[in-house]
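Residue-level listing of the chains:
Protein chains: 2
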Amino acid sequence: MPDLSGYRGPSAKLLTEAGASIGDVLEIQMGTESIKGTLVPRYEHNDDKHIVIKLKSGYNVGISVDKVSKVVRVAKGEAPKFIAPKQAAGKGLPEVAILGTGGTIASRVDYRTGAVHPATTAEELYSLFPELSEVASIKPEIVVSVYSENLEPNHWEAIAKRVSEVVAKGVSGVILTMGTDTMGYTAAALSFALRGIPVPLFVVGSQRSSDRPSSDAFLNLIGAATMAVQANFSGVFVAMHADSSDETLAVHLGTRVRKNHTSARDAFESMGIEPVAFWSRKGTEMVAHEPPTPRGKTGSFAAKPKFDPRVALVKFFPSMSKEYLSAILGSGLHGVVFEGTGLGHINSKNIEVVRKFVAGGGVACMTSQCLWGRVDMNVYDTGRDLLKAGVVPLEDMLPETALAKLMWALANFKSPEGTMVAMQDNLAGEITNRTIQRR
Amino acid sequence: MPDLSGYRGPSAKLLTEAGASIGDVLEIQMGTESIKGTLVPRYEHNDDKHIVIKLKSGYNVGISVDKVSKVVRVAKGEAPKFIAPKQAAGKGLPEVAILGTGGTIASRVDYRTGAVHPATTAEELYSLFPELSEVASIKPEIVVSVYSENLEPNHWEAIAKRVSEVVAKGVSGVILTMGTDTMGYTAAALSFALRGIPVPLFVVGSQRSSDRPSSDAFLNLIGAATMAVQANFSGVFVAMHADSSDETLAVHLGTRVRKNHTSARDAFESMGIEPVAFWSRKGTEMVAHEPPTPRGKTGSFAAKPKFDPRVALVKFFPSMSKEYLSAILGSGLHGVVFEGTGLGHINSKNIEVVRKFVAGGGVACMTSQCLWGRVDMNVYDTGRDLLKAGVVPLEDMLPETALAKLMWALANFKSPEGTMVAMQDNLAGEITNRTIQRR
Numbered sequence: 000m001p002d003l004s005g006y007r008g009p010s011a012k013l014l015t016e017a018g019a020s021i022g023d024v025l026e027i028q029m030g031t032e033s034i035k036g037t038l039v040p041r042y043e044h045n046d047d048k049h050i051v052i053k054l055k056s057g058y059n060v061g062i063s064v065d066k067v068s069k070v071v072r073v074a075k076g077e078a079p080k081f082i083a084p085k086q087a088a089g090k091g092l093p094e095v096a097i098l099g100t101g102g103t104i105a106s107r108v109d110y111r112t113g114a115v116h117p118a119t120t121a122e123e124l125y126s127l128f129p130e131l132s133e134v135a136s137i138k139p140e141i142v143v144s145v146y147s148e149n150l151e152p153n154h155w156e157a158i159a160k161r162v163s164e165v166v167a168k169g170v171s172g173v174i175l176t177m178g179t180d181t182m183g184y185t186a187a188a189l190s191f192a193l194r195g196i197p198v199p200l201f202v203v204g205s206q207r208s209s210d211r212p213s214s215d216a217f218l219n220l221i222g223a224a225t226m227a228v229q230a231n232f233s234g235v236f237v238a239m240h241a242d243s244s245d246e247t248l249a250v251h252l253g254t255r256v257r258k259n260h261t262s263a264r265d266a267f268e269s270m271g272i273e274p275v276a277f278w279s280r281k282g283t284e285m286v287a288h289e290p291p292t293p294r295g296k297t298g299s300f301a302a303k304p305k306f307d308p309r310v311a312l313v314k315f316f317p318s319m320s321k322e323y324l325s326a327i328l329g330s331g332l333h334g335v336v337f338e339g340t341g342l343g344h345i346n347s348k349n350i351e352v353v354r355k356f357v358a359g360g361g362v363a364c365m366t367s368q369c370l371w372g373r374v375d376m377n378v379y380d381t382g383r384d385l386l387k388a389g390v391v392p393l394e395d396m397l398p399e400t401a402l403a404k405l406m407w408a409l410a411n412f413k414s415p416e417g418t419m420v421a422m423q424d425n426l427a428g429e430i431t432n433r434t435i436q437r438r
Numbered sequence: 000m001p002d003l004s005g006y007r008g009p010s011a012k013l014l015t016e017a018g019a020s021i022g023d024v025l026e027i028q029m030g031t032e033s034i035k036g037t038l039v040p041r042y043e044h045n046d047d048k049h050i051v052i053k054l055k056s057g058y059n060v061g062i063s064v065d066k067v068s069k070v071v072r073v074a075k076g077e078a079p080k081f082i083a084p085k086q087a088a089g090k091g092l093p094e095v096a097i098l099g100t101g102g103t104i105a106s107r108v109d110y111r112t113g114a115v116h117p118a119t120t121a122e123e124l125y126s127l128f129p130e131l132s133e134v135a136s137i138k139p140e141i142v143v144s145v146y147s148e149n150l151e152p153n154h155w156e157a158i159a160k161r162v163s164e165v166v167a168k169g170v171s172g173v174i175l176t177m178g179t180d181t182m183g184y185t186a187a188a189l190s191f192a193l194r195g196i197p198v199p200l201f202v203v204g205s206q207r208s209s210d211r212p213s214s215d216a217f218l219n220l221i222g223a224a225t226m227a228v229q230a231n232f233s234g235v236f237v238a239m240h241a242d243s244s245d246e247t248l249a250v251h252l253g254t255r256v257r258k259n260h261t262s263a264r265d266a267f268e269s270m271g272i273e274p275v276a277f278w279s280r281k282g283t284e285m286v287a288h289e290p291p292t293p294r295g296k297t298g299s300f301a302a303k304p305k306f307d308p309r310v311a312l313v314k315f316f317p318s319m320s321k322e323y324l325s326a327i328l329g330s331g332l333h334g335v336v337f338e339g340t341g342l343g344h345i346n347s348k349n350i351e352v353v354r355k356f357v358a359g360g361g362v363a364c365m366t367s368q369c370l371w372g373r374v375d376m377n378v379y380d381t382g383r384d385l386l387k388a389g390v391v392p393l394e395d396m397l398p399e400t401a402l403a404k405l406m407w408a409l410a411n412f413k414s415p416e417g418t419m420v421a422m423q424d425n426l427a428g429e430i431t432n433r434t435i436q437r438r
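Listed in order, the protein sequences are those of chains X and A.
Read in order, the letters of the first sequence correspond to residues 0 to 438 in numbering that gives the first Met the number 0.
Read in order, the letters of the second sequence correspond to residues 0 to 438 in numbering that gives the first Met the number 0.
Since the hints were derived computationally from the structure, they do not count as laboratory data.
Errors might be hidden in some of the hints.
[Said to hold, decoys possible] 35 angstroms max Cα-Cα, derived DSBU-like pairs, lysine-lysine: (1) K66/A with K387/X; (2) K348/X with K12/A; (3) K66/A with K66/X; (4) K12/A with K296/X.
[Claimed, not checked] Covered stretches of chain A, going by a simulated chain X footprint (3 or more residues, C-beta under 8 angstroms): (5) 261-269; (6) 341-352.
[Said to hold, decoys possible] Some chain A residues well away from chain X (every beta-carbon gap over 12 angstroms; in silico): (7) A11; (8) T179; (9) N231; (10) T283; (11) P308; (12) V420.
The structure presented is a predicted model; accordingly, all values stated were derived computationally and were not measured.
Ideal Cβ placement from N, Cα and C applies to all residues, glycine included.
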């Protein structure tokens, strides 16, 4: 009996007519065009108007049934099955801590129901990813369990504290698994809280929905585990797919990385700099002009895990009224990071609102919504007026990184003055080389 | 006597020692490296710690004097001069309206003082850009005079009204010159207000500071003027440098363009689609998969210039509290566009705040801060809960475009229901083809 899990209505009708079953290779004809791939199951809550096939490249493509003229079953396939042999732990291998936060990595899916069973023990992880047992002796644990979009500064504190504990125990490296939504923010936050960490920490996740057993989760996890053991550098990084193939990871500096696509495998990009390294099964290729810090001694490291959550990221937009910005800055904030336009501007009529916020002890910083390039508030009147109002220009710091840094700086440098100085210091690679300014 | 306009202190000292003058070709030595280019003047308000040279590529580079070991004068040069011959108007040529808003294009700079003299008459423009007189009979005027960052919805209304007046008079095309800060927002706003415009409108500007006579202003203006006369398509576009050379313009659809660099010449990029066309002196090369609308008849066009300014663009961030979002949504807004994380999420604890806003008659829409890719709120619980709360998912619409569209839709469709439907319709290319969804 054909398995058409998750399909119903018009999409199930087309597939039934073709005699198709999950795992079969199909040719979907759309007028004069056609596209070939393996039929994958859908979640029950998905709509009934798309057929989803996995292309040879590994990508899944959803095709609207409105456009489909015919479905042809090209070859019979097998529905992917999970085989879970008992794997021995990687005895005698260096220890790597895997800290989970409730993301989609290291999950196994019940195909019938779409239910996700997160793997939480070393045995389960070895059974899902047998290659892991040849690389490292892994120590998995769940630190917090929330969706990525619900991660808050207090979770960052909990993660940072736990990282320092496992580092003190002497692990070779740390892997943090999480959903990708706030991965950039989290990597930046940990870059400050764990400044000076003597081992590498790799934040990893999966861009593929967990209905795909051959998701990018595997490569990201095995690559991060290998580097956690072998890499000769320390610091906080994001390790995710470098391109749409399933072969290479890019290792991004935690303060210079951004999620630049809602769903692509290679959604994460280094901004304004090259990735620090690329990893594939052939090895690790370092590419940074300034190599990252070498591994250090465990004893000398102390985390600074505190964050002040009363900080907002405010993107400027043309209809921003004084009432609007006053409502924001009057909501009990200690700090604000603006995403200004261009070289670092907001509209002139709001400068007085900002001046009052700063005069009242608030810290206001400026980044650019352009995301690439450097703010320069000396070029135009508006920029100079904002500087006079006490706004701190943050060069080419990413807005998301600036938000995390300001929360951290306010909690660790106490006075607004100390915070403002810290914000302009390059503490964790968040500001790129400014010797040669491209204007 | 050497001319070192704008230089003082340490930078002037180094240049004086080298016997350098503005316009000379210098080799700036920094340890084992060196860089060669033409010395350009600085504004008086610039700092005294950088020497700025123009590279062969046309780029200006500012070099920190701290890094300079020696300055060598390689060749004597001439300070750039403005020659302003009287040019005759392009008699008998098709008419093109150039509407100014107070940006940096079509300005001439007094090198000694750095003062900018905006050109406002056809004669002045022809004298600054003599090639213009061979292309079109230009009708320049100032519509509004504010910095780009101070442009507001009421200025968009004034611009849209004036565009429809000049279109009714029968111009071949319209050029809108403006500062680049809010160019993306403005192009999107005009795409809706001027939907059905029978001629092409090109929004142009200059990414170079006006201390550079060979700025990109020239190519952008001459290219836009040529296309305004010759192009066989209509609609609202941004025409700016396609790359760092000074040869090619990219023509971006007004609803799919974003400023992605604070200062680079090629800061503007089409998002999720190719540019509509590229222009160089060799001609116009169309590249769009779906060609833009052909020119139409003037009589049938009526602008819809109204915007409701009570709309905010709210970028979600991990420390967003209920108090914060309540303060925003309670500030008298009629609509809000969220820049959610990933596929279109905000934190769960704020969903109830959004639900109340929608229940009270507000319109809430969702885009992604990833900027590339499509929101999909059916994949995770949080997305589905937001849909249930009444949030309208906007596919792959750019957040900035969504803001402009929501202001326009609220002013033109009156009811929240009508507005919500309009937001999901593809009215001006703001949503790309969704037949094949890349997930």
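Right, here's what the structure says about each hint:
no.	hint	in the structure
1	K66/A with K387/X	holds, 28 angstroms
2	K348/X with K12/A	violated, 40 angstroms
3	K66/A with K66/X	violated, 61 angstroms
4	K12/A with K296/X	violated, 46 angstroms
5	261-269	holds (count 4)
6	341-352	holds (count 8)
7	A11	holds, 18 angstroms
8	T179	violated, 6 angstroms
9	N231	holds, 27 angstroms
10	T283	holds, 27 angstroms
11	P308	violated, 4 angstroms
12	V420	holds, 19 angstroms
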